[in-house]
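Model the full assembly from the supplied sequences, consistent with the hints where possible.
Protein chains in written order, with numbering that gives the first Met the number 0: chain F, 0 to 99; chain A, 0 to 383; chain X, 0 to 200.
Treat the hints with care, since some could be wrong.
To be verified - Taking CB as the label site, the calculated pair distances span: (1) X:Ala107 with A:Leu128: 51 to 61 Å; (2) X:Ala107 with A:Val93: 39 to 49 Å; (3) A:Val93 with X:Gly160: 31 to 41 Å; (4) F:Trp5 with A:Gln56: 57 to 67 Å; (5) X:Thr181 with A:Arg81: 40 to 50 Å.
Note that these hints are calculated values from the structure, not bench results. Backbone N, C-alpha and C define an ideal beta-carbon position, used for all residues, glycine too.
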Amino acid sequence: MVPLSWYLALSAVLFTIGVAGVLIQRNAIVLFMCIELMLNSVNLTLVAFSRFLGDVTGQLFVFIVMVVAAAEAAVGLAIIIALFRTRETLNVDEADLLKL
Amino acid sequence: MSSLINSIDFPYVLGALIKVAIFWITIMIICAYAVYAERRVLAVIQNRLGPNRVGWQGLLQPFADLIKFIFKEDIIPMSVNRALYVMAPVISLVPAMMVLIVYPFGPDDLPLPGGEFLTQVVNDLSTKLGLGWNVDLRTVDLHVTHFNVGILYVFAMTGLGVYGIVVAGWASNSKYSLLGGLRSSAQMVSYELGLSLSVVAVLLMAGTLDLTEIVRQQSGWGGMRWNIFGGTSAGEGLKSLAMAVPAIFAFFIYLISAIAETNRVPFDLPEAETELVAGFHTEYSALKFALFFIAEYVNMTTVSVLATSLFLGGWNGPFINVFPWLGPIYFLAKVFFFLFLYIWLRGTLPRLRYDQLMNFGWKFLLPAALFNIALAATIAVLVY
Amino acid sequence: MEQFAQIQVSHLFFLAFASLAVVAAFNVILQRNPIYSAIGLIVVMCSLAGLFLTLAAEFIAAIQIIVYAGAIMVLFVFVIMLLNVREEDAKADRQKYLKFLAVPLFLALIAEVMAVLKTIGNPAASETVPGAVETVAEGMFTTYLLPFEATSVLILMAIVGSMLLARRESKEETDEIEEALTVANQPTPIVEESSEEEVHA
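Now the structure itself:
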């Protein structure tokens, strides 16, 4: 059996990559993907703990996280499409006005 | 390192590899002859001859086609995105092929002819080599593996196939390809809902997601207790026949969604030649085109296998208890029936318009599938 | 080091999937072209599904591929293709110092992981193996029924919200489209003739 610490370390690495992506990328869609990456890394932690503690709750959390991610992706991408229609750019730095 | 070697179950891995090889060849032959059958049957429907020159009645035509595909010049257009263009056919074929490890070709514990002798030979050999294997080849299971989430695995893999088409459309840098890819991804995502929701009605009857277990449950009534006749492990007598109603609805919803999911006529909008030349594979030629072609036929086989296993009893049929080797024959016969149905539809129906397709999927099939789940659940509660 | 003396196949699977995930994750954040990022993320998700399988979480692994790779990422790819996003040339200049925050954040996270490992030690895997469909379903429809129902409401809100957002703004535009659709939907003799010819051709 692979030790728990390996999974936690991998999860931390993936989460950090996600954070770094949010900080260095300016494209709204890629920012979104980095957030999904962070959610995924947390899922790994939850499933790993679920296995090692023998409790199914962690996997249920993962299920709910996935549903939230799906909802978030739908709404977020709709926002991105609306943004692109009005500004014709996906650079988040240029979307800094509170009006059209 | 010895712990690493000890932790591998070599006989199991070797057996699985041999089975995968055999099933892979079977599926390839099925696909090759499905293409041939398609051309011949379409020719009959359209009152012409079809390919009949290579071999007797053109039976060697698939091999001639294969040789032609291999030796044609492999053109990569100038302005394509090279990496993705080369990757796309592979992305579309590999997940389609990965599904075949859960196909239930036949019953468990089939007596293998000459199995006693084979067991002796292998065990003797392993003692000589000092491997310490103890294999039993007297009976054989006609599936590579089966697991708890078999059907979900099939849906997961077929879902990944979309990327091949989308990436091909995007990487080709051609407007026909792009439109074909966009249409196809939208269509496959839409009809996947109808496909998976129609299966839920059967899962309510079966109470498991394991494909082999679902098929095994339908072996009552002398091998005729198929799900489409309301057969299930839970109910007894005439009452269980009530489940046939949602099962038949589910079967038709499944069939329509499956045709749309595999991009076949009358739902072949992604490759509508009158509008889009050839859709997402307009820019592909030679072996890369052949990979897309094979992927399409493997996907057709997969949905046919699923329809067979979920609704038509899989390898079950009359006299299955007396002659277990009838199992794979029944199974392949049912799969070929569905493949024939595809060809028949292609020769009969005109193509839908794109808005009709989307309206049909979202406004009719999806609500119908949801209603069917409610119906199945209600009947299940009332009957059992 | 005694962990490495008892190396097993599961370790190899972990290492393979983990390295694939990390490489693909770097691909997500370092590519300029969003479609490469999306493909990287799909690979991350598939390899995480493989890792879930090493943890015996079969249901979650299947759902991971179906929902994440099969639905959410298709949506992403679809939007990228629909907007036909070009590669972004201009790098961030306004927030160029912000990325140095990543290093302290990474250190903080490592410290956190260390702290967690110190408190829980390195526990042996539990005897009961959750992950089959039955166990997940039992938890979902008994103890956690309310959160499960709440997520369905959330999904409904997301559907309505995204439709509202993606809808075209001006009324004239929608009227124009509806008019065009009604014209297109009227059956014309030309369409029927051509479809019949197609059958005979």
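Going through the hints against the structure:
no.	hint	verdict
1	X:Ala107 with A:Leu128: 51 to 61 Å	holds, 55 Å
2	X:Ala107 with A:Val93: 39 to 49 Å	holds, 40 Å
3	A:Val93 with X:Gly160: 31 to 41 Å	holds, 36 Å
4	F:Trp5 with A:Gln56: 57 to 67 Å	holds, 60 Å
5	X:Thr181 with A:Arg81: 40 to 50 Å	holds, 45 Å
Checked against the numbered hints given earlier, the structure satisfies every one of them.
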